[in-house]
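Participant: Let's have the full structure, built from the sequences with the hints guiding it.
Using my numbering, read the sequence shown as starting at 30 and increasing by one per residue.
By construction, these hints were calculated from the structure, which means they are not laboratory data. Please note that a few of the clues may not be correct.
Stated by the list, open to error - Taking lysine to aspartate or glutamate pairs in the EDC-like style, the calculated list, with each CA pair at most 16 Å apart, reads: (1) K203 to D179; (2) K135 to D190; (3) K135 to E171; (4) K198 to D179; (5) K94 to E72; (6) K39 to D85; (7) K186 to D196; (8) K102 to E72; (9) K203 to D126; (10) K198 to D124; (11) K135 to E69; (12) K39 to D190; (13) K135 to D179; (14) K102 to E69; (15) K186 to E48; (16) K94 to E104; (17) K198 to D126; (18) K203 to D124; (19) K111 to D85.
Stated by the list, open to error - Estimated spans, in silico, between C-beta atoms of each pair: (20) A176 to L70: 27 to 33 Å; (21) E72 to D124: 22 to 28 Å; (22) T51 to L77: 44 to 50 Å; (23) H249 to R107: 49 to 55 Å; (24) I152 to L53: 24 to 30 Å; (25) L237 to L53: 29 to 35 Å; (26) G218 to I62: 37 to 43 Å; (27) E48 to A176: 19 to 25 Å; (28) V170 to L53: 18 to 24 Å; (29) N106 to R243: 45 to 51 Å; (30) P174 to A217: 24 to 30 Å.
Beta carbons: idealized from backbone N, C-alpha and C, even for Gly.
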Amino acid sequence: MIDDPDSILKCTNKVYLAERLTRLKIPTPPTLIVHRGNAELIEPQLGLPCVLKQPDSAFSLGVVKVDTAAELKRELNRLFEKSELLIAQGFLPTDYDWRVGVLDGKPLYVCRYFMAAGHWQIIQREGEGPAVEGGAETLPVEGAPPAVIDIALRAAKAIGDGLYGVDIKQAGDKLYVIEINDNPNIDAGIEDAVLGDALYYRIMEHFLRRVEQRANRNEHD
30 MIDDPDSILK CTNKVYLAER LTRLKIPTPP TLIVHRGNAE LIEPQLGLPC VLKQPDSAFS
90 LGVVKVDTAA ELKRELNRLF EKSELLIAQG FLPTDYDWRV GVLDGKPLYV CRYFMAAGHW
150 QIIQREGEGP AVEGGAETLP VEGAPPAVID IALRAAKAIG DGLYGVDIKQ AGDKLYVIEI
210 NDNPNIDAGI EDAVLGDALY YRIMEHFLRR VEQRANRNEH D
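Facilitator: Structural data, given as structure tokens:
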């Protein structure tokens, strides 16, 4: 994570993200910002199954898929105990999610994160047991579909010029931004599988450039 409070505040608030992406006409799954006064609109507008998210959800926590009206009612009651606003989205079943790492407005890496076996998310958590994750595949940036890179850069630009991981679902030839992360995974053997050490050098050069820019500003103040 880059120490970027503005980006952190934006990325960790899914209500803000939903409004921001909608305003900029960046495609997302059908989305509804939900409160107790409009919760009855979820089923007619989004259908079932659908996905409910807490505004501050992360790493698949605070995110739940509901398949029936009874599950929807139960989960809404539970989540409204924690937040007055929720995000509801239409469910898009896919075998994998695209993740594009973006640094300083440029693509850094591209991965496919596959769903955990028999599950609808990349990470499956069952009670107190260990989480189960799907596999991952890293592609050269130039080998990824240009439309995936384009929508990722547009989404990242909506937040700032720091380090982001943009999650994207692909249904046929249509792409939808799921979220923008201010603390994206960069794991040895996965995100660095193509660039190797060069990935880390690019991040360190970004740090150095920002430190030097701040020092120069302080000299002139």
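Participant: Any of the earlier hints contradicted here, and which numbers?
Facilitator: 11, 22
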